[in-house]
Amino acid sequence: MTAIAHPVPVLRRQPPIIPSGRLGMWWFLSSEIVTFGGVVVSYILLRLVHPDWLHHSAHTLLSAGAINTVVLLTSSLTVVLAHRAAEHHDCCTARRFLSISFGLGVMFLCVKAFEYHHELSHGLTPRTAAFWGFYYTMTGLHGLHVIAGLIAMLYLILGARNPKVLGRVAPVGLYWHFVDIVWIFLFPLLYVTAH
Amino acid sequence: MHLQIETLKPAEHHEHPNYVLVYGALLALLVVSILLGRLPNAYAMNALVFTVAGIKAILVLRYFMHVKFEPWLVVFILAGATFFLVVLFIGVAPDVVGGGGWIRK
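These protein sequences, in sequence, are chains A and B. Mapping of the first sequence onto this note's numbering: residues 91 to 285, in sequence order. Mapping of the second sequence onto this note's numbering: residues 22 to 126, in sequence order.
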């Protein structure tokens with residue numbers, strides 16, 4: 091008598107509408123909107139009632155702000171190209187683009203450090219005026235986010251050969267683009283409308 | 022009886038827009054915003070500069086962050102956070118700008 095092998099029934103669940111890693115990042119970014127937005131809203135409201143802030147804000151370096159905008163926009167381009175390469179499981183190309191993005195992020199911090207040095211050497215500290223308090227808070231908070239993004243990017247570069255790590259390019263990319271969007275608003279707030 | 026549960030993988034692939042073209046548009050808008058900053062009328066200058074910043078942010082959101090290809094859930098998440106930001110602005114503005122605040126004297 092032969093034993094009949096019964097196949098194990100398989101229950102197929104519908105896929106989630108969005109991968110959990112990406113969804114988690116979107117929720118995190120929504121909280122970041124409120125974090126940065128709260129500071130920006132406070133700055134806008136106080137600036138409306140303090141026209142004299144224009145005098146202080148004229149001392150920010152427009153050229154350095156513009157260079158940093160170009161640097162961040164370029165890094166966003168290279169991150170999205172790394173994301174596309176990761177989707178095609180091309181770890182070498184993804185790693186190359188991530189390395190360029192990492193370099194651009196470091197360049198952004200170097201330009202920002204030069205700006206800080208220039209402003210502090212002219213006696214423009216957070217205590218000088220409320221404007222400078224906001225300036226250092228907003229750009230400092232943004233700079234900390236850039237550093238966090240660089241750490242995440244370094245993790246991706248070092249582990250790019252691992253398909254699991256390569257799959258995390260998408261959420262890290264979302265975070266980096268968000269950092270870029272924050273700068274897109276900080277640039278006119280602190281540099282363009284001041285000159 | 023054994024039951025094997027298998028979760029199907031979501032569709033990850035979508036068409037990729039021309040990223041270099043989007044990047045070029047972002048750089049062009051950056052130049053436009055710097056030039057607009059030279060306008061003598063402060064109200065017009067602020068309105069136009071922040072409109073350009075908004076367009077740049079939408080370009081990054083739609084094409085680099087792929088919101089264009091994401092389900093509506095993502096738009097609701099972002100709109101929810103932005104809504105509370107608007108509430109904060111409207112709630113605080115009368116106290117700061119108007120002087121009188123919300124309390125009727």
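Worth flagging that the hints you see were computed from the coordinates, not collected in a lab. A few of these clues could be false.
[Unchecked claim] Restraint ranges, calculated between C-beta atoms of paired labels, are given here:
id, chain 1, residue 1, chain 2, residue 2, range
1, B, F90, A, V139, 22 to 28 Å
2, B, Y64, A, H179, 40 to 46 Å
3, B, N39, A, P109, 48 to 54 Å
4, A, G230, B, N39, 21 to 27 Å
5, B, T103, A, P105, 25 to 31 Å
6, A, P109, B, V41, 23 to 29 Å
7, B, P115, A, P141, 17 to 23 Å
8, A, S121, B, G75, 31 to 37 Å
9, B, I111, A, C182, 46 to 52 Å
10, A, H145, B, V52, 24 to 30 Å
11, A, L101, B, N39, 29 to 35 Å
12, B, F104, A, L231, 33 to 39 Å
[Stated by the list, open to error] A partial selection of chain B residues facing chain A, derived with a Cβ cut-off under 8 Å:
id, residue
13, E36
14, Y44
15, I55
16, G58
17, L60
18, N62
19, T72
20, K77
21, F85
22, I98
Bear in mind that the values here come from a model prediction, so they are computed numbers and not experimental data. We put the beta carbon where it would ideally sit given N, CA and C, even for glycine.
Hint-by-hint comparison with the structure:
Look at F90/B against V139/A: about 42 Å separates their beta carbons, and that is not inside 22 to 28 Å. Range check, Y64/B to H179/A: Cβ separation about 52 Å, and the 40 to 46 Å hint is violated. In this structure the supplied range 48 to 54 Å is violated for N39/B paired with P109/A, their Cβ-Cβ distance being about 25 Å. Judged by the Cβ atoms, the range 21 to 27 Å given for G230/A and N39/B is violated: they are separated by roughly 35 Å.
Checked against the hint of 25 to 31 Å, the C-beta distance between T103/B and P105/A comes to roughly 28 Å, which is consistent with it. A beta carbon spacing of about 27 Å between P109/A and V41/B agrees with the range 23 to 29 Å that was offered as a hint. Against the hinted window of 17 to 23 Å, the Cβ-Cβ separation of P115/B and P141/A comes to about 19 Å, which satisfies the hint. At roughly 21 Å, the beta-carbon separation of S121/A and G75/B lies outside the given 31 to 37 Å, and the hint is violated.
Under the hint 46 to 52 Å, the C-beta atoms of I111/B and C182/A, about 51 Å apart, fit the expected range. Taken as a hint, the range 24 to 30 Å holds for the pair H145/A and V52/B, whose Cβ atoms sit roughly 26 Å apart. At about 42 Å, the CB distance of L101/A to N39/B disagrees with the hint of 29 to 35 Å. Remark: the range hint 33 to 39 Å for F104/B to L231/A is contradicted by a beta-carbon distance near 22 Å.
Because the closest C-beta pair between E36/B and chain A is about 11 Å apart, greater than 8 Å, the hint is violated. The criterion of a C-beta within 8 Å of any C-beta in chain A is met by Y44/B, whose closest approach is roughly 4 Å, and the hint holds. Proximity of I55/B to chain A holds as hinted, the smallest CB-CB distance being about 6 Å (cut-off 8 Å). Using the Cβ-Cβ criterion of 8 Å, the hint placing G58/B at the interface with chain A is satisfied: the shortest such distance is roughly 4 Å.
Contact between L60/B and chain A, as hinted, is not supported at the beta carbon level, the nearest pair being about 10 Å apart and thus beyond 8 Å. Annotation: N62/B was flagged as interfacial toward chain A, and the flag is violated, the nearest CB pair being 12 Å apart, outside 8 Å. Because the closest C-beta pair between T72/B and chain A is about 10 Å apart, greater than 8 Å, the hint is violated. Below 8 Å, beta-carbon pairs count as interface contacts, and K77/B has one with chain A at about 5 Å; its hint therefore holds.
Because the closest C-beta pair between F85/B and chain A is about 5 Å apart, less than 8 Å, the hint holds. Because the closest C-beta pair between I98/B and chain A is about 5 Å apart, less than 8 Å, the hint holds.
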